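Participant: Next come the chains, spelled out residue by residue.
2 protein chains.
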Amino acid sequence: MSTAIIAVDAMGGDFGPRYVVPACIASLIRYPSLHIILVGNAQQIEPHMLDLSFSVKQRLTVRPAQENIEMSDSPAQILRGKPDASMRVALQLVREGRAHACVSAGNTGALMALSKHILKTLPQIERPAIMTALPTQKSTIHLLDLGANVDCSAEQLLQFAVMGSAAVQLGGVSQPRVALLNVGVESIKGNQQVRQAAGLLAGLKNINYIGYIEGDGVYRGEADVVVCDGFVGNVLLKSSEGLARLMAATLFEEVKRTFWRRSLAWLNRNMWSEVHKRWSPDHYNGALLLGVDGVVVKSHGAANQLAIASAIGVATRAVQENLPMRLGRHIQASYASLSAAQQVRQNGDE
Amino acid sequence: MSTAIIAVDAMGGDFGPRYVVPACIASLIRYPSLHIILVGNAQQIEPHMLDLSFSVKQRLTVRPAQENIEMSDSPAQILRGKPDASMRVALQLVREGRAHACVSAGNTGALMALSKHILKTLPQIERPAIMTALPTQKSTIHLLDLGANVDCSAEQLLQFAVMGSAAVQLGGVSQPRVALLNVGVESIKGNQQVRQAAGLLAGLKNINYIGYIEGDGVYRGEADVVVCDGFVGNVLLKSSEGLARLMAATLFEEVKRTFWRRSLAWLNRNMWSEVHKRWSPDHYNGALLLGVDGVVVKSHGAANQLAIASAIGVATRAVQENLPMRLGRHIQASYASLSAAQQVRQNGDE
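Residue numbers (the numbering used here), protein chains in the order written: chain B, 1 to 350; chain G, 351 to 700.
A portion of the hints provided could be inaccurate.
Unchecked claim - Derived DSSO-like pairs: lysine-lysine, alpha-carbon spacing no greater than 27 Å straight-line:
1) B/Lys256 x G/Lys627
2) B/Lys277 x G/Lys606
3) B/Lys256 x G/Lys606
4) B/Lys277 x B/Lys138
Because the hints were derived from the structure by calculation, they are not lab data.
Remember, predicted model here, so these are calculated numbers, not experimental data.
Throw the hints in and build the complete structure from the sequences for me.
Facilitator: Next comes the structure, spelled out in structure tokens:
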């Protein structure tokens, strides 16, 4: 494995360095060729860096940054102000080639705006999109966009499909099935953008477009890549988290209701620990910002240590796969096939 | 309890009369003053009506209708063609005053288009919306729209809020908390329609508008009424169903994995049956079509007997509450307060 240097925004998320630093240490122990640059307030970071082994200490450095980006900061405020914000400094390390990737649990809109501003987008891509993996009945499904773009044109949905398909293919799935999220599977269903995007996707030769998918089809694993606008994707993801928590809470309420049930649960404790693991969304934390010229991973704001370590794992794998460069090539190939198809159609129309 | 006469589209849904007729019989046993008119193909309905008690037989009639509406029929096709479709005939019974409500598990777009065409909308309402109840950590939350309107203006979202608030209030919640579904709770988040709707709602005196809610807040029960466009609501509802099924499947896989676990599950069978009941979405089946001049309830297409009986229960309660008439009055009052507020603002601007 080649060396991966990851700049981690230590100040992002609901818990800041208290959770981020231990997650970085755990990741350094897990990946022996990983290097991490912790970016943020050194006075707040260093107390969590005591008693490190020599191997970990050698691969963990701190890059001071004095400002923080708040959840209420608007993208415009962030672009103009806060030159020494930890998120901005982490992204600059990537641009300057001093880190291979950036991981942040901070404000999503800010991460999107700053990534676009500092790293620039790949050719042909108007706006980056955020993609995450979700568990399904069969395997893993990838959903994008998750909130970077609240209003999307058909052309943007097409770009998301091309990026999602390429990223999943680079991750080892051959000919990933790409579907558009819609309110029904019949061709007459949906809004104008989605119907137009379906027409565009059907013309792309090197995308395995399989049609519309409904919300329940996502968790049945009916596709490998599911494309939607950021508003819909964000609502799907967050409501799923809320429902998973609700179901777990009602279940454990029943499990603990009587002494008899608690005794049976104790006898079955191995099973409950396996259920807990299988249900935990922490394994799926770490959403890739696709379409910027660099590896950027967004972690959930309320992520715990295990979840932040998952996000660092996503970034590490993307660096090893050389994601941005290979993604750029895939996008070029897809667009070449699209313009060839449009050429043929235009010639036919004449 | 006064008599409620409900016209049930026997041909709608994935299973037709085979599930619909037994669900009607169960509902007639449960509600002694309920009458049901089964609308559809008599040859297919009658084989499921054997061995009825005298009381049930007296309150169950069949109104033949020879055509069915398919899932692939477009609203335009449905409005022009199929004069003898079971769904259309059921709605006509409501318009003619021969039934108080219509229940169908058929094509949602068709039910919406035909309801609007046959029953007309209430004054001030451009388009009806579909509302359902969902379980949360605290109590029940009501979500609308669920797919009747895939593109919504701010003005339509406002109308949904007014209708949802009024319907939930008539159902017994005083001053229901109304929230707009969004990708964040900060005022800068979201798309233009949602931000504009927030501005309009803040000006309505008799609506308890509490601001934005995110997907996870829905299942935490942070509001009583959650308003969104039909695309987003449909995705939220269907992905929730898919996730609930996935979580139940992974849990029961673990529960049955070994002989030891199966034995413990048998000893704990009361708990498992309670968990099964608490998790079942069947209790929440039956979505109200708000804004048409009549009670119309949409059942899930894949609804089983228990679920269809729930939908008939929703319709029965709406008839008892005299929903359309009282909803019309509430809407008038809300709009009077809105125009008064706009008047004050305009005077202030002058």
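Participant: All the hints need checking, so say for each whether the structure fits it.
Facilitator: Verification of the hints:
1. B/Lys256 x G/Lys627: holds (17 Å)
2. B/Lys277 x G/Lys606: holds (17 Å)
3. B/Lys256 x G/Lys606: Measuring from Cα to Cα gives roughly 20 Å; hence the hint holds.
4. B/Lys277 x B/Lys138: holds (17 Å)
Of the numbered hints listed earlier, not one is contradicted by the structure.
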